Every structure is written in C-alpha cells, then in structure tokens.
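Trainee: For reference, the chains in residue letters:
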Amino acid sequence: MITLTELRKLYHQVAALDVDTLTIEEGQIVGLVGNNGAGKTTMMRLILDIIRADRGNVTIDGMRVDQDPSWKAFTGSYLDSTFLVDFYTPEEFFDFVAEAYGIPGNELARRLQAYETLMNGEIMGKGKLIHDHSNGNRQKIGIIGAMLVNPKLLILDEPFNYLDPSSQLVVAKLIREMNRELGTTCLVSSHNLTSINDLCNRILLLEKGRLLMDKTHVPGSTDPGLEAYFLDAVR
Amino acid sequence: MASSISMKSLSRLQFRQFFRGKKGRDMLGPAILVVYFWILEIVLAVQLGEKLPPLVGVLIFASFLIPDFLMKVIFERDHTVMDPFLKTRPVPQSLWDRFLTVSQFWNPSNLLMPAIIAPACFLFLAFPLSLVVFVTLYLASVFGGFLVMLIKHRGTYQSEKSETKKAARTFKSTTGHAIFGLQTKSVLRSKRLKTAIIYMSTLMLFFFVINALNGDSETVRMFLFYFIILSASMLTQYGLGVEAGFFSAIWTRPVSISRILRDKFKMSAAMGGISALITIPVCIWTGIPVYIPVAYALFTVGFGSLILLIDAYKCSPFDLFGKSFFNYQGTRATFKASTMLGIIFIMVVALVLPFLLSDLTASVILGGLGLAGIIFHRPYFDWVESKFLKNKHKYIEEYLSK
Numbered sequence: 001m002i003t004l005t006e007l008r009k010l011y012h013q014v015a016a017l018d019v020d021t022l023t024i025e026e027g028q029i030v031g032l033v034g035n036n037g038a039g040k041t042t043m044m045r046l047i048l049d050i051i052r053a054d055r056g057n058v059t060i061d062g063m064r065v066d067q068d069p070s071w072k073a074f075t076g077s078y079l080d081s082t083f084l085v086d087f088y089t090p091e092e093f094f095d096f097v098a099e100a101y102g103i104p105g106n107e108l109a110r111r112l113q114a115y116e117t118l119m120n121g122e123i124m125g126k127g128k129l130i131h132d133h134s135n136g137n138r139q140k141i142g143i144i145g146a147m148l149v150n151p152k153l154l155i156l157d158e159p160f161n162y163l164d165p166s167s168q169l170v171v172a173k174l175i176r177e178m179n180r181e182l183g184t185t186c187l188v189s190s191h192n193l194t195s196i197n198d199l200c201n202r203i204l205l206l207e208k209g210r211l212l213m214d215k216t217h218v219p220g221s222t223d224p225g226l227e228a229y230f231l232d233a234v235r
Numbered sequence: 001m002a003s004s005i006s007m008k009s010l011s012r013l014q015f016r017q018f019f020r021g022k023k024g025r026d027m028l029g030p031a032i033l034v035v036y037f038w039i040l041e042i043v044l045a046v047q048l049g050e051k052l053p054p055l056v057g058v059l060i061f062a063s064f065l066i067p068d069f070l071m072k073v074i075f076e077r078d079h080t081v082m083d084p085f086l087k088t089r090p091v092p093q094s095l096w097d098r099f100l101t102v103s104q105f106w107n108p109s110n111l112l113m114p115a116i117i118a119p120a121c122f123l124f125l126a127f128p129l130s131l132v133v134f135v136t137l138y139l140a141s142v143f144g145g146f147l148v149m150l151i152k153h154r155g156t157y158q159s160e161k162s163e164t165k166k167a168a169r170t171f172k173s174t175t176g177h178a179i180f181g182l183q184t185k186s187v188l189r190s191k192r193l194k195t196a197i198i199y200m201s202t203l204m205l206f207f208f209v210i211n212a213l214n215g216d217s218e219t220v221r222m223f224l225f226y227f228i229i230l231s232a233s234m235l236t237q238y239g240l241g242v243e244a245g246f247f248s249a250i251w252t253r254p255v256s257i258s259r260i261l262r263d264k265f266k267m268s269a270a271m272g273g274i275s276a277l278i279t280i281p282v283c284i285w286t287g288i289p290v291y292i293p294v295a296y297a298l299f300t301v302g303f304g305s306l307i308l309l310i311d312a313y314k315c316s317p318f319d320l321f322g323k324s325f326f327n328y329q330g331t332r333a334t335f336k337a338s339t340m341l342g343i344i345f346i347m348v349v350a351l352v353l354p355f356l357l358s359d360l361t362a363s364v365i366l367g368g369l370g371l372a373g374i375i376f377h378r379p380y381f382d383w384v385e386s387k388f389l390k391n392k393h394k395y396i397e398e399y400l401s402k
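Note that the protein sequences, when read in sequence, are chains E and X. In terms of this note's numbering, the first sequence opens at residue 1 and continues consecutively. In terms of this note's numbering, the second sequence opens at residue 1 and continues consecutively.
These are computed hints drawn from the structure, not numbers from a lab. No experiment lies behind these values; they were computed from the predicted model shown. Possibly wrong hints are sitting among the right ones.
[Claimed, not checked] Pair ranges (Cβ atoms, derived): (1) 14/E <-> 128/X: 54 to 64 Å; (2) 9/X <-> 104/E: 55 to 65 Å; (3) 176/E <-> 390/X: 37 to 47 Å; (4) 104/E <-> 382/X: 20 to 30 Å; (5) 368/X <-> 8/E: 31 to 41 Å; (6) 35/E <-> 393/X: 24 to 34 Å; (7) 390/X <-> 14/E: 19 to 29 Å; (8) 105/X <-> 35/E: 41 to 51 Å; (9) 65/X <-> 162/E: 44 to 54 Å.
[Stated by the list, open to error] 27 Å max Cα-Cα, derived DSSO-like pairs, lysine-lysine: (10) 191/X <-> 128/E; (11) 191/X <-> 152/X; (12) 152/X <-> 194/X; (13) 173/E <-> 215/E; (14) 194/X <-> 126/E; (15) 266/X <-> 152/X; (16) 208/E <-> 394/X; (17) 392/X <-> 266/X; (18) 191/X <-> 266/X; (19) 390/X <-> 128/E; (20) 152/E <-> 392/X; (21) 191/X <-> 314/X; (22) 87/X <-> 194/X; (23) 266/X <-> 390/X; (24) 126/E <-> 191/X; (25) 51/X <-> 8/X; (26) 387/X <-> 266/X; (27) 173/E <-> 126/E.
[Unchecked claim] Calculated Cβ distances over 12 Å to all of chain E for the following chain X residues: (28) 89; (29) 314; (30) 341.
For each residue, glycine too, the CB sits at the ideal point set by N, CA and C.
Using the sequences provided together with the hints, build the complete structure.
Mentor: Structure representation (structure tokens):
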C-alpha cells in the first residue's frame, strides 16, 4: 500500500528522516514510535505530500504521492490543527469534508452516528466554532473528520493527545473496528506505548530520522525490546 | 516584585517578534503604499508650483489627524494585557505600563501617517514651519495612539471575560455551505475582515454620495470605483492567505486549488455586484449613467480579481483570530507588493481610460475586459493552480512555518 524508497528529508543539513526502504502492507495497523525529533511527523507529512523529500519518494498503491493526487480520494488524515477549519462549527466542517469526498447528506448523518460515543454530546448542536472548542474536542473533531470518509488509508499523528482516558479507549476501538470492517490501513504515531501496544500489529521505532526497529506485534502484548529502548534512552 | 526584566528586554522581545514573523516581501507592500503616496504628493506639489499659505497648510495637515485617529479606533485592539508568557513571569505592572506608553513612539500605526505625509510637509510648507508641523503631527499621532490604548483598555480580567463570552457564542449556518462557505464565513466570522469591509465601504460610499450631489465628475467616478473595488477585492487581496492558515485541511483532501480560487472569484463577484447595485439609485438620482457602475463592477470582478489572484499562493497565513499584543493588528497577513502593484494598475486603467476616451467608450472597454475575464476565469485559475503546483512544497512549507 505505502512504499517509502530512499526517502530523505533534511532541515538545515540535518536529516529529519532518512529511510532506505519501508513498505506498509494493506490492512496493517502500524504504530510509529520514537522520542521527540525522531521523524514521526516528518514521515507522515512526506506521505501526505505536505513537504518535499530531498531524496527518494513515497508511493501509495504504486503511484507517487507528489505526482498523482489520486491518493487523496481514499486517505483520511489528521496531524495537527492546520487540518481543521477553525472558523467553522463542527457540523460545517463535517459538511466541508463530505462535499470534498462526495458523501451525500443522509450518508454523512448516518456515518456520524458511529462517532456519537466519542463526541459525548459535547461537539454537535452547540453552535460553537471549532476555534472555541477545547483542545480535546478539537482533537476529536479532527479524528472524526479523518475517519468519516471511510478511508482505505488512515494517518493519525498523536491521536491520543489531549483526550481523556475514556476517549482514548474509544478512539483505539474505532481504529480497530475500521481496520477490521473496512480493511483500512492505519498509520498511528504516539508517545503512549500502552496505546500502541494495544492497537498495532506492527511497530516502527524511529530515532533521529532513522528506522531503528521494525517489528510485527501481537496487539495487547507488551514489547520488552521497545520498553528497554526507551528506558535506556533516559539513562 | 523582584524582577530583572527591563524595558530593554521587553522592547527587544517586541522587535524580534515583529520582525521575525515577517519576510522582506511582507514589508514591501506597505513600502509601496507609502511610495505611492509620496509620488502623488510630489506630482501635486509640481502642479501647484508654490508653497501653501502657513495657516491653510497647518489646517490641512492637522486634518490628517482625524482619519489617523479614526483608523486606530477602528483597527487597534486592546493589547494592554500581557500575553500569558509574560503574565506568568515576574514582570511588574508599573514596568509594563511604562513600556506600553513608551512603545507608542514606535508603534507602526503611529508611524504610518507621519511617514505618508512627510514629503508633503516639506514640499508644501516653508522649511522651519514644515519641520515643526511634521514633528507635531508625529507627536500628536503618538498621543492619539496612547488615547486609543486607554479607550480600548478593558482591564486585566475584562479581556478574559470577553474571551469567555466569545467562547460561549453560538453560530448558525446561514451563509454559504461547505467548501464555498470558506469564503463567506471567513469574512462574516472575522471581526477584522468584516469591520474593514463595513467601515471602508461606508466611508467610500459616503464620499461617493457627497460628491455625486455636488462634486466634479472625475471625483465622483473615482469614489464610485473605489467603493466597488474595495468590497470586491477585500478577500481577493489576501490571495490564499485565509486558506493558508488551515492548508492541510484542503491539501490532504480532494479539493483543487482552482476550485478555491473560483470560489474566491464568485465571492468577489457577489460583493462587487452588490456594491454596484447600491450605487445605482444614487446614479439615477444624480444623472450619472448607470452603465458606469455596471462597467466598473464587471471590470473589477472580471479583470481586477484575476489580476489580484495571479499569484494568490504567494501569501502569509491570515490569522482570523489572532489577538496577541506582539502580533500587531491581530493578523500576520500583510499586503504583498504584487497585490499593491496590481491594485494600482487596476486603478490606473479604470480611472485613466475615461480621461482619454468618452465615458461610454471607456465603459465599453472596461466592461468588455471584465466580461472576457468572466468568460475565461476557469482556464485562468487552472493555469494559476498549475503555477502553484510547480513549486507547491515551497509554498506549503512557508504556510506551515508561520
């Protein structure tokens, strides 16, 4: 599904990402971990063609993302607040997403029902601009905006940030269900090792832009190697 | 309160935040505006050929203080409350108050009017008097800035109360839908954009009506055109500045840049059309041919918008909700040099043609140019999009870095 080939991104002559090859297969839930500055967000931005690679390329379904924008039609993503239209209300934002993907109004309403637990009665029908919502609610709106298009590929950067424990569990459940029911390939970054261990069937560890570890993983289990790495990093 | 922070530290912080948020080209637009006025003043001085009588000169220059003060009242925000990163540190209130007062001397909004009228002062008045008038005007503008600061001050917790109130406000989706709503709602929900449109348009409409009743035809035509172009170009002049603030929301979804540009064009058409309609009763009443506002509207929308959007992607993100003290005017977006040149070019074409030709011929040409633009706007915006795509990463990285 996603292939990174000799991908390199430099910032001021320092490699923010330097990956020889990496292939993410269809249907995988891939967890991206690493300390600050490891290159997780840079990798996601390169996959989404937001920044230019200094070398190499990214393909989704065999098409280079920087040359063919057809990946946008089946990709849902949320990395940060620039993915939100903050002078819209959540309803208007979801309408915007629906129009962009050609989702009819009744279908949109039906799909939004699946996110009612996550919204917890705090998001829809309030008439509040996204700008005026709390960080947690903004995070939820961004995640729902990415998921409601029923994407073939879902990319989420730190989706558990700002969320209360209950919402973190709901988001993990929604990702798992989407993967199971629609076969969605998911790429999720997080500093929360427990969430990554519970959710992912493959874990990538980045350090200073390089891919240090690439392991298949049994969701729900813990990875001693991974925990040892992070413990060593602070010693 | 024990503190080692000084006026110098606060000033350095202010200057660094102001200049580091801007690039050379951001400053070029205001510079062109100032140079434009300087050229006008020099042309006027050459035409007049002599100095003004001292009393008349002083009165004329003193009258500039009124719009200068009004502009500050309209556009300045309450920035007397420290930003959280200062408020949570041991900065004595007395030091902050002193800094607020002293910083009025280099507040850009207090420097603009003196900068614009500087050559006129020296060209129209005898030397010693011109120096006195210029320095007095500068000090009066600084004093005006200080007064506005007092007027806008709502107390430390008042501003927070108003934030809470703002957060509790509710909105209904009545204007524009989904993707097109990006244009309508960005205007209606941004106090800065909305205020600018209302005040500036009202001012131009007022001058148009006053001159239509008893002015000469050139002045009437000028204000008629200013009124129409002001509202029609209010959003297009920022290019993709509004969208740059949430560019990932567009870029990672199947929404083309040409679609956004076409929406901007439609919004400009709606604004220009409404403005023209407003002027028509006055035109009929005062005997101005109705085809003139129609031609101006067509020209502004069909030709002017296309010129202003030619490099729409070269823009700074427009922070619709910005409000920090150091983030002057509550927005990072500034006029681009190319936008300023574009506006001047459009004005010159629209105002010079009727001088050279008859009103009817000029209107036919202006309307024709506008119609051609309306007909070809779709391929035109596809072409603008292709130019953006050639260097897309450069522009997107710039939006994200600001």
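Trainee: Hints first: check each against the structure and report whether it holds.
Mentor: Now for the hints, and whether the structure bears them out:
The supplied range of 54 to 64 Å is met by residue 14/E and residue 128/X, whose beta-carbon atoms lie about 60 Å from each other. Distance hint check: the CB atoms of residue 9/X and residue 104/E are about 58 Å apart, consistent with the given range 55 to 65 Å. Our hint of 37 to 47 Å for residue 176/E and residue 390/X holds, since their Cβ atoms are close to 41 Å apart. In this structure the hint that residue 104/E and residue 382/X lie 20 to 30 Å apart at CB holds, the actual value being about 27 Å.
Between residue 368/X and residue 8/E the Cβ separation comes to about 53 Å, which falls outside the hinted range of 31 to 41 Å. The hinted window of 24 to 34 Å between residue 35/E and residue 393/X holds, with their beta carbons roughly 26 Å apart. Restraint check, residue 390/X to residue 14/E: a C-beta distance of roughly 27 Å satisfies the suggested window 19 to 29 Å. For residue 105/X and residue 35/E, the hinted distance range of 41 to 51 Å is satisfied, since their beta carbons lie about 46 Å from each other.
At roughly 49 Å, the beta carbons of residue 65/X and residue 162/E sit within the given window of 44 to 54 Å. The straight-line distance between the Cα atoms of residue 191/X and residue 128/E is roughly 16 Å, inside the 27 Å bound, and the hint therefore holds. Distance hint between residue 191/X and residue 152/X is fulfilled; the C-alpha atoms sit about 15 Å from each other, no more than 27 Å. The straight-line distance between the Cα atoms of residue 152/X and residue 194/X is roughly 19 Å, inside the 27 Å bound, and the hint therefore holds.
Between residue 173/E and residue 215/E the CA atoms are separated by roughly 22 Å; this keeps the pair inside 27 Å, and the hint holds. With a C-alpha separation of about 23 Å, the suggested pairing of residue 194/X with residue 126/E holds against the 27 Å cut-off. Taking the CA atoms of residue 266/X and residue 152/X, the gap is about 36 Å. The hint is violated against a cut of 27 Å. Of the supplied pair hints, the one linking residue 208/E and residue 394/X holds, its CA atoms being roughly 24 Å apart against a limit of 27 Å.
Under the criterion of a C-alpha separation no larger than 27 Å, the hint pairing residue 392/X with residue 266/X is consistent with the structure, at around 24 Å. Distance hint between residue 191/X and residue 266/X is fulfilled; the C-alpha atoms sit about 22 Å from each other, no more than 27 Å. Distance hint between residue 390/X and residue 128/E is unfulfilled; the C-alpha atoms sit about 38 Å from each other, more than 27 Å. Taking the CA atoms of residue 152/E and residue 392/X, the gap is near 25 Å; set against the 27 Å cutoff, the hint holds.
A C-alpha spacing of about 24 Å is found between residue 191/X and residue 314/X, which places the hinted pair at or below 27 Å, so the restraint holds. At most 27 Å may separate the alpha-carbon atoms for a hinted pair to count; residue 87/X and residue 194/X exceed this at roughly 30 Å. For the proposed pair residue 266/X and residue 390/X, the alpha carbon gap of about 25 Å is at most 27 Å, so the pair holds. Only pairs whose Cα atoms come within 27 Å are accepted, and residue 126/E paired with residue 191/X is accepted, the gap being roughly 21 Å.
Between residue 51/X and residue 8/X the alpha-carbon distance is near 42 Å, which puts this suggested pair outside the 27 Å criterion. Straight-line distance between C-alpha atoms of residue 387/X and residue 266/X comes to about 21 Å, which keeps the hinted pair within the 27 Å bound. Between the alpha carbons of residue 173/E and residue 126/E the distance comes to roughly 26 Å, so the proposed pair stays at or under 27 Å and holds. Every C-beta of chain E lies more than 12 Å from that of residue 89/X, the closest at about 23 Å, which supports listing it as non-interface.
In this structure residue 314/X is separated from chain E by more than 12 Å, as the shortest Cβ-Cβ distance comes to about 17 Å. With a least CB separation of 29 Å from chain E, residue 341/X remains clear of the 12 Å interface cut-off, as annotated.
Hint compliance for this structure: hints 5, 15, 19, 22 and 25 are not met, and every other hint is.
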